[in-house]
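Visitor: For reference, the chains in residue letters:
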Amino acid sequence: MDLFSDFSLMLLATLRDVLPIIVIIFGFQFFIIRKPIPQLRRVLIGFAYVIIGLTLFLLGLEKALFPIGRLMATQLTDPAFIFSGAQSVTSVPGWQDYYWVYLFAFAIGASTTIAEPSLIAVAIKANEVSGGTISVWGLRIAVAIGVAIGITLGAYRIVSGFPLHYFIISGYVVVVIQIFFAPKMIVPLAYDSGGVTTSTVTVPLVAALGLGLAETVPGRSPLLDGFGLIAFARLFPIITVMGYAQLANYRIRRAKARQQQVSESDLTITKSASKRI
Amino acid sequence: MKQPLLALAKATLSSLRDLAPLIMVVAFFQFAVLRQPLPNLYDLGVGMLFVVLGLTFFIYGLEMGLFPIGQSLANAFARKGSVFWLLCFSFALGFGTTVAEPALIAVSAEAAEVAASGGMIEDTSEARQSYASGLRYVVAFSVGLAIVLGVLRILKGWPIHLMIIIGYGLVVCMTVIAPKEIIGIAYDSGGVTTSTITVPLVTALGVGLASCLKGRNPMLDGFGLIAFASLSPMIFVMAYGMII
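Quick mapping for you: the protein sequence lines, in order, are chains B and V. Just add 30 to the spot in the first sequence (first one is 1) and you have my numbering. Read in my numbering, the second sequence has 99 at position 109, and its numbers run on one by one without any break.
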């Protein structure tokens, strides 16, 4: 019974999120475009699936993963845990005492990104549009690594207390330099994958980690230092996705060069064969 | 009848694979690092089942509903040839999906608190409320504007990297002059604007537009709308912090 009421509450919340989209789409369709939607029935069923799916997904996260994730974030940042191996609790922890936090940040960043539905959507589209050159998993893993690095660095920043904008601005510099070297095709997609990483799954867990850290690290205020992890999680995938494309490009070039060699040797074989005839 | 069932089973399996890393990470930290038993096993099991089913349904519906409608809207607008209505639609989509976003409402409330504690506004609930709702509308407006700009870029074929570099330049300049309290929130605000339903729709729209316009490459021109939508709130939120 309890589960049912939770479900209906979540369904209402999802509907409220989807409602403006539905109103806009169908409003424009009927008043401006004035043409029936092709395969309307199928589209409507699809929308129903999306709403039900999102509701179940959010409800499940809320019930299972978020409570544990949040609890973990607070436990891992708890001074009592960080000092469990040290002799005295009175000493001020250095940035290296938080190694479990960094590992957690890395792992949770990568694994939540793999589970992020909007990234799956963009990866499917990119795979379709590129005619298979960009593989769904390749893109997702590249983004996941980027988010993982970003969140780890972000956690280190909260612990060490460096100003946020130094990191972000130097990240921008790397991105701008990469633009000139990465294959042109990937650049827009790389920017987009920075934006999609931070949605339903990643944000709540990462925000809990940031707030937990900012609360327990001496000298940090949750209001000023708790923010900023999301910004890291958005910046670094851009770098890794472009890097992934550079790598893929390099491998294709090498494969092509090898193929050319092979076909050239084929050519000589047929030539000599034809001579013999 | 057998085929859809098989497809569903396959989709469920791939959802399980998507979630496996997250489950393993949580389990590892719970057992090996924190060394604690799992609380409330029943809730956990039911929750995991929901997550797997939910992801399966979502991906299923995505390819059935969201992608086709984005594509068909893009086709219809391209055939109609009315740039004005296309831009209206883009703005409505950006603004409408952002203004009601729960994550944005939460962030703007927190931002108001930061502003009040920093002495930027009076510390009364009224002042905080008006600050928060102002911020919300500013972010929603900036997302609408970003989608409009992005669609214009697809139509005109402007180079994306120049626009992004200019955007980054603006962010960096504003960071220097904006009040310190607002910077963290501004940087994070870009992340709350891209919800799970907006992203596939906007992506399908961009790719659809780029593939039915002559001389546009869907890979090169179709992507990038989301990048704009997550960059522009940073600029606008910092501007908001400077003006108020």
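Worth flagging that the hints you see were computed from the coordinates, not collected in a lab. For each residue, glycine too, the CB sits at the ideal point set by N, CA and C. Please note: incorrect hints may appear among the correct ones.
[To be verified] Sample of chain V residues facing chain B (criterion: CB under 10 Å; computed from the structure):
#, residue
1, Pro11
2, Pro58
3, Pro92
4, Ser201
[Claimed, not checked] Straight-line alpha carbon distances no greater than 25 Å define the calculated SDA-like cross-link-like pairs of lysine to any residue that follow:
#, chain 1, residue 1, chain 2, residue 2
5, V, Lys170, V, Leu139
6, V, Lys146, B, Val206
7, V, Lys170, B, Tyr202
8, V, Lys70, B, Ile62
9, V, Lys170, V, Ile156
Visitor: Please go over all the hints and tell whether each is borne out by the structure.
Guide: Okay, the hints, checked on the actual structure:
no., hint, verdict
1, Pro11, "holds, 4 Å"
2, Pro58, "holds, 6 Å"
3, Pro92, "holds, 7 Å"
4, Ser201, "holds, 8 Å"
5, Lys170(V) to Leu139(V), "violated, 28 Å"
6, Lys146(V) to Val206(B), "holds, 23 Å"
7, Lys170(V) to Tyr202(B), "holds, 19 Å"
8, Lys70(V) to Ile62(B), "holds, 9 Å"
9, Lys170(V) to Ile156(V), "holds, 22 Å"
Checked against the numbered hints given earlier, the structure breaks only hint 5 and satisfies all the rest.
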